[in-house]
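Protein sequences appear in the order of chains A and B. With the numbering used here, the residue at position 481 of the first sequence is 481, and numbering never jumps. With the numbering used here, the residue at position 48 of the second sequence is 569, and numbering never jumps.
Because the hints were derived from the structure by calculation, they are not lab data. Misleading hints may appear alongside valid ones.
What the hints assert, rightly or not - Straight-line distance between alpha carbons at most 27 Å, and here's what the computed BS3-like set of lysine-lysine pairs gives:
id	chain 1	residue 1	chain 2	residue 2
1	B	573	A	193
2	B	573	A	150
3	A	360	A	370
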Amino acid sequence: MFSQKFRKTLSALMIGSMLAVTACGGGSNQASQAGTADQKAEAQAPAGKKVVNIGLKADPPSLDPSKSNALVDRQVQNSIYDKLFDLDKDGNIVPVLVDSYDISEDGLTYTFKLKQGIKFHDGTDFNAEAVRFNIERNREDTSRRKNEMKFVEQVNVLDASTVEVKLSQAFAPFISILTDRSGMMVSPEAVQKHGDDYLNNPVGTGAYQFVKHVKGDHVTLKKNENYWNGEVKIDEINYKVFSNGTAAVQNLRSGQLDFVDEVPTKEIPTIEKDPNLTVIAEAGMAYQGIYLNTKQEPFTNKYIRQAISKAIDRDAFIKVVFDGYASPANSPFYPGNLAYGDSDKVEKGTPEEIKELLAKGGKPDGFSFKLQIGTSPVQEQFGAVVQSMLKPHGINVELEKVEFGTLLENGSSHKFQALQLGWSGRPDPDQSFYDFVVTGQPNNYSGISNPELDELANLARVELDPAKRKELYDKAMAISHDESQYVYIYHEFTRFGISNKIIGFEYVPDGLIRTAKLDKQ
Amino acid sequence: MKFLVRRLLLTIPILFLVSVLTFSLIHMIPGDPARVILGQEATPEAYEALRKELGLDKPIVVQYVSWVGNVVQGDLGLSITDRVPVTELIAQRLPATIQLTIGTFIVAILIAFPAGILAAVRRGTMVDYTSTFVALGGMSIPSFWLAMMAIIYFSVELGWLPASGYVPFSVDPVQNIMAMILPCLATGLRESAVLMRMLRSSLLEVVNMDFVRTAKAKGLNEVRTILGHVLRNAMIPVVTTSGLMIAGLLGGLVITETIFSIPGFGRLIVESVFKRDYVTVQGAILISASLVVIVNLIVDLLYAVIDPRIKAGKGA
Numbered sequence: 001m002f003s004q005k006f007r008k009t010l011s012a013l014m015i016g017s018m019l020a021v022t023a024c025g026g027g028s029n030q031a032s033q034a035g036t037a038d039q040k041a042e043a044q045a046p047a048g049k050k051v052v053n054i055g056l057k058a059d060p061p062s063l064d065p066s067k068s069n070a071l072v073d074r075q076v077q078n079s080i081y082d083k084l085f086d087l088d089k090d091g092n093i094v095p096v097l098v099d100s101y102d103i104s105e106d107g108l109t110y111t112f113k114l115k116q117g118i119k120f121h122d123g124t125d126f127n128a129e130a131v132r133f134n135i136e137r138n139r140e141d142t143s144r145r146k147n148e149m150k151f152v153e154q155v156n157v158l159d160a161s162t163v164e165v166k167l168s169q170a171f172a173p174f175i176s177i178l179t180d181r182s183g184m185m186v187s188p189e190a191v192q193k194h195g196d197d198y199l200n201n202p203v204g205t206g207a208y209q210f211v212k213h214v215k216g217d218h219v220t221l222k223k224n225e226n227y228w229n230g231e232v233k234i235d236e237i238n239y240k241v242f243s244n245g246t247a248a249v250q251n252l253r254s255g256q257l258d259f260v261d262e263v264p265t266k267e268i269p270t271i272e273k274d275p276n277l278t279v280i281a282e283a284g285m286a287y288q289g290i291y292l293n294t295k296q297e298p299f300t301n302k303y304i305r306q307a308i309s310k311a312i313d314r315d316a317f318i319k320v321v322f323d324g325y326a327s328p329a330n331s332p333f334y335p336g337n338l339a340y341g342d343s344d345k346v347e348k349g350t351p352e353e354i355k356e357l358l359a360k361g362g363k364p365d366g367f368s369f370k371l372q373i374g375t376s377p378v379q380e381q382f383g384a385v386v387q388s389m390l391k392p393h394g395i396n397v398e399l400e401k402v403e404f405g406t407l408l409e410n411g412s413s414h415k416f417q418a419l420q421l422g423w424s425g426r427p428d429p430d431q432s433f434y435d436f437v438v439t440g441q442p443n444n445y446s447g448i449s450n451p452e453l454d455e456l457a458n459l460a461r462v463e464l465d466p467a468k469r470k471e472l473y474d475k476a477m478a479i480s481h482d483e484s485q486y487v488y489i490y491h492e493f494t495r496f497g498i499s500n501k502i503i504g505f506e507y508v509p510d511g512l513i514r515t516a517k518l519d520k521q
Numbered sequence: 522m523k524f525l526v527r528r529l530l531l532t533i534p535i536l537f538l539v540s541v542l543t544f545s546l547i548h549m550i551p552g553d554p555a556r557v558i559l560g561q562e563a564t565p566e567a568y569e570a571l572r573k574e575l576g577l578d579k580p581i582v583v584q585y586v587s588w589v590g591n592v593v594q595g596d597l598g599l600s601i602t603d604r605v606p607v608t609e610l611i612a613q614r615l616p617a618t619i620q621l622t623i624g625t626f627i628v629a630i631l632i633a634f635p636a637g638i639l640a641a642v643r644r645g646t647m648v649d650y651t652s653t654f655v656a657l658g659g660m661s662i663p664s665f666w667l668a669m670m671a672i673i674y675f676s677v678e679l680g681w682l683p684a685s686g687y688v689p690f691s692v693d694p695v696q697n698i699m700a701m702i703l704p705c706l707a708t709g710l711r712e713s714a715v716l717m718r719m720l721r722s723s724l725l726e727v728v729n730m731d732f733v734r735t736a737k738a739k740g741l742n743e744v745r746t747i748l749g750h751v752l753r754n755a756m757i758p759v760v761t762t763s764g765l766m767i768a769g770l771l772g773g774l775v776i777t778e779t780i781f782s783i784p785g786f787g788r789l790i791v792e793s794v795f796k797r798d799y800v801t802v803q804g805a806i807l808i809s810a811s812l813v814v815i816v817n818l819i820v821d822l823l824y825a826v827i828d829p830r831i832k833a834g835k836g837a
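With the hints as constraints, model all of the structure from the sequences given.
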C-alpha cells in the first residue's frame, strides 16, 4: 500500500518536474523569438522609453555627499546633484550653479553670484540660503567633508542669489574642492524632513532625480523634467552593481548594460574586438603605491626606503599587471595636474646603486619585511610582482593579505612595516599631497615628519598663483623623494566600456560619468 | 507532536549559541565599521564622533545585551552602513535566494534521479561510466567558471537568455523566470552531481537486499521493482544530502549571486562582513541559522514519512 502511495507521489513529482521543464523551455523559445538578448533588454522598457544601464563595481554606500567617502558614490551623485563648480573635459574648472564669482586679493573672501530660477527635485528653490545650509552642513563634526571645509570661517547670505564665504586662511584648493562632493547642493528641506535617513532619500537639482535604491543591487533615477540646463534625453538610469568585472563586460556585450565603470585590463581586447562597443582607457587622477612605515624597522632608515623605490621597475610592473593600461608614477600628481612634471619621472636604479643604498642603510646583505596588501586579484598580482622585483637585491617580501577595512585600520594606527594603498586623486594637488605627507595628518600612514616638507606643503596650499605653486610642489617632491616614505608606482587609468548606442559621452579626467547630456540610439 | 514541540524548543539554545558565536566572531575580525565608513578621508574627530553615533564606544557585552534585547522583540536593528532596518534588507534579499535554491534543487533532482537510477541499474556498463564521469566533472568544475561559460554561450553568443536582470517575481514574473534559468542551471548542474552519486551508491546497497529478490521472485518487472521498492528504501541518505544541500545553498550561493548580479542573501552576508556592518551580519546569520534549523526539522519529519519504521525523534 505504501509503495503504491509512494509511486503516486513519485509520478506526481516527475510530472511536476516535466511541467517545470516545459515552462522553462517555453521561456527560452519566447526569448529566441524575441531575437537577441540585446533586443530583449530593450523590450523590457515601455516603447520609446530611453533607459541607460550603468554597471558599477560596488554598491554606493551613501548618496548623501556630506556622508560619502566612496568613489562609486560619486558616480551616482553626479547625476542627482549639480555642483557649484565642475570640471570640463580638459580638466578646467567651470562654474555650474555659480554664475560668476570673485576672490578677494588676500584669498580670504569668496563671493559667489548664483544662477537664478533653479529648483530642487522637491520643488524648493535653490538660492543663497541653500548654499549656506550646505556649506554649514559640510562643516559639522559628522560630515566627511569637514576636512575639506576646515578653513571656512563664516558663510554670509548677501542677498537671495549672492553668498560670501570667509576663510580663516588663504586656501588655494577651495574652488577645486567645490567641483566634488563639497560643491554638491542638496535640498535643505529634504535634509530636515528625512534627518539621518536623508542618505536613502537624496534630493538635488541635477538632471536626474532619485527613484529607489535596492541596497547591493541597483539605484534607479528618472529624468528631471524641469532640468534647468537643457533637456534631458534619457528617461531612466539604472546603476547596477557588478562586483565581478568579467561578468559586467559580458553583460555589456549581451546588451544588459550600456556602460561599465571599470573594465578589467584583460577584458579590454574583448571589447575592442566588438564592433558595438568602445573602450575609453585614459589616465585618471588615482595613484597606487606602497607606504613604508618610517617608525618601524627596517624603514626607519631613508636609504633602505630609497632602495625599495629604486628597485621597482615601474614600466615592467605596468606591463605585467595592467597590460600597459596605466602609467608609471613617482609623484601623486596625475598627468595634466598643475603640479605634474619632472617630479613624476622615474629613474630605475642599477643593481650597484641599490647595493650601495642598502650598504649605506646598514643592510648590505638585504633584509626581509612584511607587505600588507588587499585581496583583489590585481592586488595579489601587485604583491607578487613587487616580491619578484626585490628578490634579486636580497630583499625578501612576505605578503600579508588583508581586507580593505583592516588596511585602513592598520594604516591609520601605523601597525605595519609596508602597506599597499593608493588614493583616488583630486583635481587640486593639495588634496593628494598635504594630508599624506604633513606631520600628524590623517593619511600620513608612513609617519613621516619633515619640517621642511611641512612648510612647503603649507605654503603651496596658501599660494594662489599656479606657477608658483608648481615650484613649491617641485621642491616638496624633491624632499619626498629623498625621504621615500611612499613608493609611488603607477597612475591608474580610468577604463570605461561603453555601448555604441550611447551618444554624447564626454570623458572628464576625474573618472566620473556625466550623464546629463547623454542620449541613446 | 511532542517531538515537534521538543525540536522547536531545542532551537532556542541553538539560536542563542549562534548569536553569541556570530557576535563574538564578527567583533573579533580586525577593522572597525567606523573606519570602513569613513575610508581614507577620516579625521580623528570624525572617527570618534561616528563610533559614538554607532554605539561602538560602549563595552562589547553592553552592545550584545542591547542587541539581543531588541532581537527578542523582533527588531534586528538598523544597518550600520545603510541606515535601514536589517529586517527590510533581509526581506529584500531572501526571496531571490529562496527562489534560486528551489530552482537549483529542481534542476539537481531532474538530472540526478534519472542519471542515478540508470547508473545503478546498469552498473558497470557504459551508461554507468558516462554518468559517473559527467557527475565527477560536474563536481570538479568551479561554479563561477560554469556560470561564466553559460553567460558567454547563452547570453552573448546565442542571445537566448539574459546574463543578468533579476526582478522580483511579483514585479515581472516572465523576466524573473528568464533571469533565473541560467543561474539555476549553473548551480543545479553542480549540485546534481552530488545527489546523483549519493543516489547511485544508496540504490546499489538496497538492490542486493532480500526483499528486492522477493519482489523480483514475485514477478515484478525491473522498473516497478526499482521505482516501487528500491528507490523508496534508498531515499534516506538522499533526503539527508538534499537537506544539507538546501541548507548550504540558502547562505552559500554568493558566487552565483555575484556573477548573475542577483540581490541575494549570501551576497548580503558577505558584503556586510566586508563593510563590518555588525548589525546586518548578526541579523542575517541568525535568520540563516533559523532556516537551517527549519530545513533539518523538515528532513527529520520526512524520514518518518519515507520509512515508517523510523518513529519521529527515536530512530533518526
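Evaluation of the provided hints:
1. Of the pairs offered as hints, the one joining residue 573 of chain B and residue 193 of chain A holds, with about 23 Å between alpha carbons and a cut-off of 27 Å not exceeded.
2. This hinted pair checks out: residue 573 of chain B and residue 150 of chain A have alpha carbons roughly 22 Å apart, not beyond 27 Å.
3. Annotation: proposed proximity of residue 360 of chain A to residue 370 of chain A holds, straight-line Cα distance about 21 Å (limit 27 Å).
Comparing the model with each numbered hint stated earlier shows that all of them hold.
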